[in-house]
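Number of protein chains: 2
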Amino acid sequence: MAHDWLWRCVRVLPERGQIGIFNRSYYEEVLAVRGAPDLLEAQSLPASLVSAKIWEQRFQAIRGFERHLARSGTVIRKFFLHVSKKEQKKRLLERLDDPDKHWKFSENDVRQRASWSEYMRAYEDGGARDLDRARAVVRRARGQQVVYARLVVAAAIVDALEELELEYPKVPPGRKKALERARHELMSEK
Amino acid sequence: MAHDWLWRCVRVLPERGQIGIFNRSYYEEVLAVRGAPDLLEAQSLPASLVSAKIWEQRFQAIRGFERHLARSGTVIRKFFLHVSKKEQKKRLLERLDDPDKHWKFSENDVRQRASWSEYMRAYEDGGARDLDRARAVVRRARGQQVVYARLVVAAAIVDALEELELEYPKVPPGRKKALERARHELMSEK
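Heads up: the sequence lines are chains A and B, in that order. Residue 1 is where the first sequence starts when you use our numbering, and the numbers rise one by one after that. Residue 1001 is where the second sequence starts when you use our numbering, and the numbers rise one by one after that.
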């Protein structure tokens, strides 16, 4: 809260050569925060900066930020796993029925279902369009298709890695002789 | 080097209510780095991302980043203190003449003077325009006018603070009585 809303994500960006996974990420700021006005209020923004334009401005910031990352060599893949209202109800009831899933249950999830159409509008207004623009793989994780959704995400990640055309470092010719010598030394050990 | 070039600045951004001072800052990335190709090379960018457009892309990233900060409540003031080539020569010679200034001297500064016009083009190409767009106060810190330049910068900072119309927190009516009681208690101490 003491910083701009992108800051906490930027701080933990992966280094070159590393993969970072952001579960929900700064998209919370244009979706969850948009659906719950008290979350926005808690961000201590000057009143003059809070207007109806704020969500479009945040999408603009996200696009600019990711464009900068991409131009700095970061490959970004975004996944939106859609769950229908009916499917969510089923999953929430499972959490109430099964004692092993009680820990996952939050009254807040039930309360927020009341704003379902509000959230959907937020997704459609900017989220979906924005995800699409960034070559996101958007899949529907409905019903028993959770396993399928996971496969699709895994395949997209494999594709992204293959597109990088990564190679093991090439061994310079001189080095090969040294490797042969080392083999010889190991084999002649008593 | 393990991160995008904005990252190290973002990490140390001041919290709400704090003032941060960036000496040179990410403008190094469009000025110093532009003037010295080996600095860009050291950033390990994929070759496909390094083109003639890279400087304009970096200015775009800076503008987007600062727009995001401004919309998050950060007040930004940028200062560009210009020194002429003649004045720089005088200052470098002073560092060679005065033993107390030897520590400040770097052969690198002399070497980079050879690219003076290159640097000036970089400033004019994007730097000056960009600074202006962000309501920067650009002053010439020439000759004996260093004291004057400092005054101008200080005045701009005072202006920025005054524009925030900061106030001490208001004490609620009930609290006043509690303060009076505390005064009474302090005064009646033996």
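Hints in this document: simulated from the structure, not taken from any laboratory. Take these hints with a grain of salt, some might be off.
Claimed, not checked - If you anchor each label on the Cβ, the simulated ranges turn out as follows:
1. A:PRO173 - B:ARG1024: 42 to 48 Å
2. A:ASN23 - B:TYR1168: 38 to 44 Å
3. B:GLY1020 - A:ILE76: 25 to 31 Å
4. B:LEU1081 - A:LYS170: 33 to 39 Å
5. A:PRO173 - B:PHE1022: 55 to 61 Å
6. B:ILE1019 - A:ASN23: 31 to 37 Å
7. B:GLU1028 - A:PRO172: 41 to 47 Å
Unchecked claim - Below, in silico cross-link-like pairs of lysine to aspartate or glutamate (DMTMM-like), each with a Cα-Cα straight-line distance of 25 Å or less:
8. A:LYS53 - B:GLU1066
9. A:LYS170 - B:GLU1066
10. A:LYS85 - A:ASP100
As the list claims (entries may be wrong) - If you want a taste of the chain A side facing chain B, the calculated C-beta under 8 Å gives, among others:
11. LEU13
12. ILE19
13. GLY20
14. PHE22
15. GLU94
Where a beta carbon is used, it is the ideal one built from N, C-alpha and C, also for glycine.
Cross-check of the supplied hints:
1. A:PRO173 - B:ARG1024: 42 to 48 Å: 44 Å, holds
2. A:ASN23 - B:TYR1168: 38 to 44 Å: Given a distance of about 42 Å, which is inside 38 to 44 Å, the answer is holds.
3. B:GLY1020 - A:ILE76: 25 to 31 Å: Holds - the Cβ-Cβ distance for GLY1020 of chain B and ILE76 of chain A, about 28 Å, lies within 25 to 31 Å.
4. B:LEU1081 - A:LYS170: 33 to 39 Å: 48 Å, violated
5. A:PRO173 - B:PHE1022: 55 to 61 Å: 48 Å, violated
6. B:ILE1019 - A:ASN23: 31 to 37 Å: 34 Å, holds
7. B:GLU1028 - A:PRO172: 41 to 47 Å: Violated: the Cβ-Cβ distance is about 35 Å, outside 41 to 47 Å.
8. A:LYS53 - B:GLU1066: 17 Å, holds
9. A:LYS170 - B:GLU1066: 42 Å, violated
10. A:LYS85 - A:ASP100: Within the cut-off at roughly 23 Å; holds.
11. LEU13: 6 Å, holds
12. ILE19: Since the shortest Cβ distance to chain B is 14 Å, the answer is violated.
13. GLY20: At about 11 Å, which exceeds the 8 Å cut-off, the nearest Cβ of chain B leaves the hint on GLY20 of chain A violated.
14. PHE22: 15 Å, violated
15. GLU94: With Cβ-Cβ at 39 Å, over 8 Å, it is violated.
Against the hints set out earlier in the document, violations occur for numbers 4, 5, 7, 9, 12, 13, 14 and 15.
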